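If you read the protein sequences in the order shown, they are chains U and L. Residue 1 is where the first sequence starts when you use the numbering used here, and the numbers rise one by one after that. Residue 1001 is where the second sequence starts when you use the numbering used here, and the numbers rise one by one after that.
Bear in mind the hints are in silico, worked out from the structure with no lab data behind them. Do not rely on the hints blindly, as some may be mistaken.
[To be verified] FRET-style restraints, in silico, Cβ to Cβ:
no., chain 1, residue 1, chain 2, residue 2, range
1, L, Phe1036, U, Ile43, 34 to 44 Å
2, U, Glu63, L, Val1048, 50 to 60 Å
3, L, Val1048, U, Ser41, 16 to 26 Å
4, L, Val1033, U, Ile43, 23 to 33 Å
5, U, Glu63, L, Leu1133, 26 to 36 Å
6, L, Leu1105, U, Met28, 47 to 57 Å
7, U, Ile43, L, Val1067, 17 to 27 Å
[What the hints assert, rightly or not] Residues from chain L that face chain U, not an exhaustive set, calculated with beta carbons under 8 Å:
no., residue
8, Glu1019
9, Asp1042
10, Val1067
11, Glu1108
Every value quoted in this text rests on a predicted model; they were computed, and no experiment measured them. Note that the Cβ used here is the ideal one computed from N, Cα and C, for glycine as well.
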Amino acid sequence: MKTRIKELRAKHNMTQEDLAEKVGVTRMTIGFLEKGKYNPSLILAYKISKIFNLKIEDVFVLE
Amino acid sequence: MVSKKKIWWLGGVAPKTKEGWWYITLICLPLIVFHFLPFWTDQIRMYVTVVWLIILMIDMIPIMLTVKKDELEFKIEAVAERNSSWFMSLVLAFGLVYETIIHALKGEVYFNIIILVALLGGALVKSISNYILEKKGIKD
Chain U
1 MKTRIKELRA KHNMTQEDLA EKVGVTRMTI GFLEKGKYNP SLILAYKISK IFNLKIEDVF
61 VLE
Chain L
1001 MVSKKKIWWL GGVAPKTKEG WWYITLICLP LIVFHFLPFW TDQIRMYVTV VWLIILMIDM
1061 IPIMLTVKKD ELEFKIEAVA ERNSSWFMSL VLAFGLVYET IIHALKGEVY FNIIILVALL
1121 GGALVKSISN YILEKKGIKD
């Protein structure tokens, strides 16, 4: 699964740590998500999308 | 408990609060001081260190049980524990077969009850866990 998290973080001037804290996960999890090494749960995907005011499919792209 | 700041010498793991540093200091300092004092024999040093480790482990259990993990950490832990339990099961099974064969060669019938109970108990716990989890599902 591809994500636009890194791009969106940069756009919102947010660090991995900031995003991790907002959605209640560790920085490692955000790093794994950005690298496409981890597929998030629906709840986490929803939380992340909500932070950027986007729909899940606008943040996560199934390849 | 875990610091946000990456500290290279601990791989990012360090106490987050003043209390955390106090805990480490208070639990480690007596043992360090004890080992520096010249009055004890090696045997006493070993016994005290073992008791210290047991106390530390007992104290760690609630921390390990209550520490919050996110979903990735939870999965990593689950896979690591599965691998660890497979390894332990294989070693225990090997030990059981080895002991049984050694005794059989002497014409004795022998099963190591503790190993047997550990293996059967493990299988039982796995079956019960599977049954409950398949019924209840996993929310987090």
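Comparing the hints with the structure gives:
no.	hint	in the structure
1	L/Phe1036 to U/Ile43: 34 to 44 Å	violated (52 Å)
2	U/Glu63 to L/Val1048: 50 to 60 Å	holds (58 Å)
3	L/Val1048 to U/Ser41: 16 to 26 Å	violated (46 Å)
4	L/Val1033 to U/Ile43: 23 to 33 Å	violated (49 Å)
5	U/Glu63 to L/Leu1133: 26 to 36 Å	holds (30 Å)
6	L/Leu1105 to U/Met28: 47 to 57 Å	holds (52 Å)
7	U/Ile43 to L/Val1067: 17 to 27 Å	holds (20 Å)
8	Glu1019	violated (21 Å)
9	Asp1042	violated (42 Å)
10	Val1067	violated (12 Å)
11	Glu1108	violated (53 Å)
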